[in-house]
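Participant: The residues making up each chain are set out below.
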Amino acid sequence: MSSTLSYFRQESLPHIWCPGCGHGTVTGALVRAIRRQGLDKNKVCIVSGIGCSSRAVGYLDFDTLHTAHGRALAFATGIKLARPELKVIVMTGDGDCAAIGGNHFIHAARRNIDITTIVMNNNIYGMTSGQYSPMTPKGMYGTTAPYGNLERSFDLCELAKAAGATYVGRATSYHVPLLIDLIESALQNKGFSMVEAIVQCPTYFGRKNKMGSPVEMLNWIKDGVVNVKAAALLPPEKAAGKKLIGELYNAPAPEFTADYDELIAKVQRTYEKFQGGLYGCASNSD
Amino acid sequence: MTSKAKLMQGNEACTIGALAAGLEFYAGYPITPSTEIAELCAEELPKVGGKFIQMEDEIGSIAACIGASLVGKKAMTATSGPGFSLMQECLGYASLTEVPIVIVDVQRMGPSTGMPTSPAQGDLMQARWGTHGDHPVVVLAPGNVKECFELTFKAFDIAEAWRVPVIVLMDEIIGHMREKVVLPDFSTLKPKRRAAPSSPALYKPYAADSDGGVPLMAAFGEGYRAHVTGLFHDEAGRPSGKSEVADALMRRLARKVEKAASLIEEHFEESLDDAEIVVVSFGCSAMSGLSAVRRARREGIKAGMLRLKTMWPFPDELVARVAARARCIVVPEMNLGQLALEVERTACMCGASTGRAAVKRLGKVNGELFRPEEVYASIEEAAR
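Protein sequence lines, in the order shown, are assigned to chains Z and E. Numbering of the first sequence is given in my numbering, commencing with residue 2 and proceeding in unit increments. Numbering of the second sequence is given in my numbering, commencing with residue 2 and proceeding in unit increments.
Excised from the complex, chain Z in its bound form (with noise of 0.2 Å):
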């Protein structure tokens, strides 16, 4: 099996990630997900959006497609309807997807298009300094938000479990083989996946809330979550407040592009003798 260094671009390394970051950890898992799946280099295609997490794309051999902010779903389904034999990842943030990119993010799910989608969520616009984003917990501080966050943040896989995605898990930069477990699973589900990782900024975020180093900020991930199977086990008022980490639905369904698929095979029976778009449009205008 080839080295999990053979997965990057290694002339385009050292990236470009603050020390202490979490987004090569993610990324990591994901190599390491798609070197044990066994998937063909030449036949996987990562997208992302914008903002730290989504540079990732840039140092990964794989065709990779860096789009603009929030988009990287609608470029992903084009890809994806288009040559659905293609394996398709999306790469993206908290800000990315749940913010500018929520709108695809819910459609992409309600169509099931296999898409496996890993969300780097690591509460705070990174790229800009620290703005406060839709996963910003309440009352934490973000250069947006100097007397604590007001709004309320979103679940994100309750989100995308309620507009129909078919697999959703959640792990953090901490639980790493968990981590890496679940996006393998993601990418063997035929239909929408989405993995959200829970990472440390302690750039922005963490010095914002008192959490100036990585560990620091790992220890807080770690005390903020509990795995689901654990929880189920214990008394509710000792997983109050908690994320659950995990495989949190795994359903799967009828899958889009091979839906359409079908649909192309079943047109093209009824109109037998069709010779192509043209005479197709002749014959119905007529």
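Derived from the structure by calculation, the hints contain no laboratory data. Heads up, some of the hints might be wrong.
To be verified - Output of the computed footprint for chain Z on chain E, the stretches with three or more beta carbons under 8 Å from beta carbons of chain Z: (1) 22-36; (2) 47-56; (3) 71-84; (4) 87-94; (5) 222-229; (6) 265-278.
Note that the Cβ used here is the ideal one computed from N, Cα and C, for glycine as well.
With chain Z fixed as given, assemble chain E onto it according to the hints.
Facilitator: This is chain E only, laid out in the frame that chain Z set:
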């Protein structure tokens, strides 16, 4: 299939032109007055193994088209003013990343929701300058139903040959008007396809000669493992913040379309040779303009018609030549003088020895098509 006369709408002719050019992917969002294009694509594309998707908005629509184009498919979206505004960011993305796509804008009255079912031509400048940053773009404007077929077909050829987003700028009248059209025998058409590299070895996705060459384009999924980014990038496609890389990229992109300009340029003219009063127009306004010019000729006024089909790159030399000979140029358009601005600019390019035509703005913004007598009155006044 043999060619035969058919009665069809501009939007329909546009869709058939796209299919004749080899359309394989359509993503769009419903909006008046362009929706018929989406409806026809939804019906026709599955028959040829193509894909149609109704996206959640126009931003997603153009993004999906760019994605489909990157895997090697010919892709198109269609919209109208409000949706066209939403597409502007990704239009710039396609321009910088050199991804061929075709965008149809069937113009309606704006700004804002405006008068959704009424014609207008107020997106001329948005089509050219709507996205942020300097960028090349090609804009074609059909003036009748047959040209909706021809220019949409041509839009794909230009997009593929020059790796540039091409906008087909229609309007509500052109899109909804029905005319008898004789379509060519499609088997005689030879649609172009982008030039592709032959091997991943040493492939650089953005390597081209500095004179404005067009880089070879590999499809995703073919073993090239290319990186495409909306950041400024070097020849290998890697992000770069170097000023010399940015400068070279910007200038190559501009030169690419400048060099294509003379090959792309297309117009219609009538009675221009001895014309003293020239009507310069496009799209629906030019229909009324031509009628007025013909009446003026019957009345003994030396009037001529120049209808532009290539709006951008603007045909500077052509318009300057007309401005050097004519006494007055009348510019009827369904906005408050967007085309007139360009005509005035090019008229200023005339040398002192040749003289320079006066430019008369004839803007109309009430959602009603010009009546020929309105344009005629302007010609007649100029002739006095």
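Participant: Compare the structure with each hint and give your call.
Facilitator: Hints versus structure:
1. Requiring three or more residues with a Cβ within less than 8 Å of a Cβ of chain Z, the coverage given for the segment 22-36 of chain E holds, as 4 such residues are present.
2. Counting residues of the segment 47-56 of chain E whose beta-carbon sits less than 8 Å from any beta-carbon of chain Z gives 8, enough to reach three: the coverage restraint holds.
3. Only residues whose C-beta sits within less than 8 Å of a C-beta in chain Z count toward coverage, and the segment 71-84 of chain E has 5 of them, enough to reach three; the restraint holds.
4. Counting residues of the segment 87-94 of chain E whose C-beta sits closer than 8 Å to any C-beta of chain Z gives 3, which meets the bar of three, so the coverage hint holds.
5. Only when three residues or more bring their CB closer than 8 Å to a CB of chain Z does the claim for the segment 222-229 of chain E stand; here the count is 8, and the claim holds.
6. Under the rule that three or more residues need a Cβ within less than 8 Å of chain Z, the assignment of the segment 265-278 of chain E is violated, with 0 such residues.
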